[in-house]
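Participant: Chains Y and H, in that order, are what the protein sequence lines are. Straight run, no breaks: the first sequence in the working numbering ends on number 294. Straight run, no breaks: the second sequence in the working numbering ends on number 434.
Derived from the structure by calculation, the hints contain no laboratory data. Hints are not guaranteed to be accurate.
Derived DSSO-like pairs (lysine-lysine); straight-line CA-CA distance at most 30 Å [unchecked claim]: (1) H/K364 with Y/K100; (2) Y/K154 with H/K147; (3) Y/K156 with H/K257; (4) Y/K38 with Y/K109.
Among the chain H residues that face chain Y by a calculated CB cut under 8 Å, a handful are [what the hints assert, rightly or not]: (5) P143; (6) I145; (7) I286; (8) L314; (9) Y330; (10) S331; (11) E336; (12) A338; (13) F366; (14) Y415; (15) R423.
Every residue, glycine too, gets a C-beta built ideally from N, C-alpha and C.
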Amino acid sequence: MLKELFTKKKKYASIPSEQVKQDVPEGIMTKCPKCKKIMYTKELVKNLRVCMSCHYHHPMPSRERIVSLLDEGSFREYDADMISENPLQFPDYLEKLEADRRKSKLNEAVITGEGTMNGYPLVIAVMDSAFRMGSMGSVVGEKITRAVEKAKELRIPFLIFTASGGARMQEGVLSLMQMAKTSAALKLFSDEGGLIISVMTHPTTGGVSASFASLGDYNFAEPGALIGFAGRRVIEQTVREELPEDFQTAEFLLKHGQLDAVIHRHELKEALTNVLDIHQTGGDGKWWGN
Amino acid sequence: MVGELEFEKPLIELRKKISELKEFTKTAEVDLSPEIEKLEARLEKLENETYANLTPWDRVQIARHPNRPTTLDYIQRLFTNFLECHGDRLFGDDEAIVGGIAKYHGLPVTVIGHQRGKDTKENIRRNFGMPHPEGYRKALRLMKQAEKFNRPIICFIDTKGAYPGKAAEERGQSEAIARNLFEMAGLTVPIVCIVIGEGGSGGALALGVGNHIHMLENSTYSVISPEGAAAILWKDASLARRAAETMKITAPDLKAFGVIDEIIPEVRGGAHRNVDEQAKAIDNVLKQSLKQLLQLDGSALVEQRYQKFKQIGRFTFSRNDLGVK
Ligand SMILES: [Zn+2]
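Build the full structure now, drawing on both the sequences and the hints.
Facilitator: Here it is as structure tokens:
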């Protein structure tokens with residue numbers, strides 16, 4: 005084991021870092037896109053995929069996210085077998101879905117289910133940018149809607165992690181309508197006193213940013229996450245003006261009053277547990293002041 | 110005639126030929142009336158064929174016609190006592206969306222819609238009907254007011270989409286759109302939405318969470334413009350015509366997907382040919398809609414609206430359950 009590690013290290017250490025492309029073999033080494041340092045994927049994963057040297061938050065696979073937050077063995081997945089159709093008869097769409105299923109080992113761009121976090125029960129939805137860039141089509145919309153309905157039925161909080169390029173073009177207007185569908189489900193849940201927590205991760209854009217991602221009672225984001233409705237390039241072409249470097253980052257949104265807090269991934273579980281804890285006794289008059 | 114469209118060229122040429130012949134008979138010593146009659150019959154046939162077989166791209170052209178009637182054109186014809194109400198009470202007044210109170214056949218209502226300009230000057234003032242966050246927030250303010258006074262809400266949808274600008278992002282256009290979707294879902298008064306031109310993505314949907322959604326026959330409703338889709342799909346915006354077909358954005362497409370309720374027939378050649386008549390066609394459908402919806406109480410309206418959107422989407426189930434380890 006030790007020997008194996010050593011030889012691998014030696015193999016890669018001999019290549020000057022600037023010559024190593026982004027596609028350093030996955031599974032062994034990962035190159036940080038921000039500071040360009042190359043590190044063991046294993047160690048990076050252990051560090052919740054936060055770069056050890058510059059704290060860049062690498063995209064976190066949905067399953068890892070769930071494991072990192074929920075109590076061991078508590079997660080029960082909903083609708084794991086729901087998959088997309090091709091309502092527009094869009095050329096190559098089914099093939100692309102199949103390829104992403106194989107590559108990402110995911111059936112769709114969101115995982116939903118219930119579990120407990122430090123003992124607090126909740127319904128959780130975690131999007132995954134490894135599947136069709138986390139885009140929202142009928143399945144993503146339906147799974148999230150069902151998850152919210154379940155939270156309403158069970159009367160437990162709804163927590164969502166977003167990571168999405170927006171609406172899924174290959175399902176056309178049906179994708180657009182998922183924005184309304186998910187938002188409507190959240191409204192009905194909210195009207196019954198349901199707690200909604202949204203954590204926006206990199207990237208959260210387009211139709212996802214303009215629906216459930218922005219509808220939390222608490223809207224949080226991970227550091228450096230790209231969050232916005234219109235794409236930077238589209239805006240540049242439209243307004244022909246220089247955009248600030250931090251434009252549409254989590255920090256930019258915080259500055260403009262669009263977020264409650266930007267939270268480092270290492271502190272996320274504690275912060276979320278705190279929010280859940282504060283809402284345990286909220287509004288029921290059971291506080292005695294001592 | 111101003112603003113003839115590409116696909117209408119053969120019609121234009123035939124019309125020109127007929128009027129030339131007519132002109133000619135006035136001065137010449139020959140009787141060309143049989144020829145003229147024949148040509149007029151051909152024109153009639155060609156017109157029928159052309160307008161009965163509009164391609165998606167033809168419809169996009171009609172929906173974007175510079176003379177296509179706007180929200181205010183219809184407000185003027187369908188409502189009385191209209192009072193425009195300005196401002197979101199937070200930042201400003203976005204003239205890309207207009208709204209106010211009015212009466213519809215005597216019934217007090219709130220009416221809101223995207224508003225394009227009729228000329229360049231007005232278009233600049235109205236930002237070509239592309240709203241900023243304050244536009245959505247004004248709309249929501251008026252909708253909440255409608256709910257308070259138990260007035261039905263009528264929304265006209267007509268926008269290329271949300272404005273892709275720096276200020277719009279800074280002021281939270283994502284949140285503003287999301288908030289409208291969220292709040293509209295809970296309103297306890299009837300909401301009827303009518304797409305009258307282009308229904309472009311989130312900017313359109315922000316006025317679109319209705320109990321009933323109708324589309325004019327030649328309007329479009331889409332997640333992205335044909336040009337935008339072509340640029341992303343094939344890296345070539347000039348393939349917009351193909352994208353318009355692939356993306357299924359016409360009223361018949363949306364009807365087939367179960368997204369909309371009624372297709373409102375258009376005046377032959379497009380709504381711009383006769384605004385009064387077009388307003389009448391809208392009136393017929395709107396009246397029926399409101400009659401139905403006014404039967405429902407607040408919670409039934411919320412439930413009906415939720416079920417309407419809940420059923421939108423296509424999916425299936427596979428046997429390979431991957432699951433989380
Ligand atoms: Zn780094």
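Participant: Among the hints numbered above, which are violated by the structure, and what are their numbers in rising order?
Facilitator: 2, 5, 6, 11
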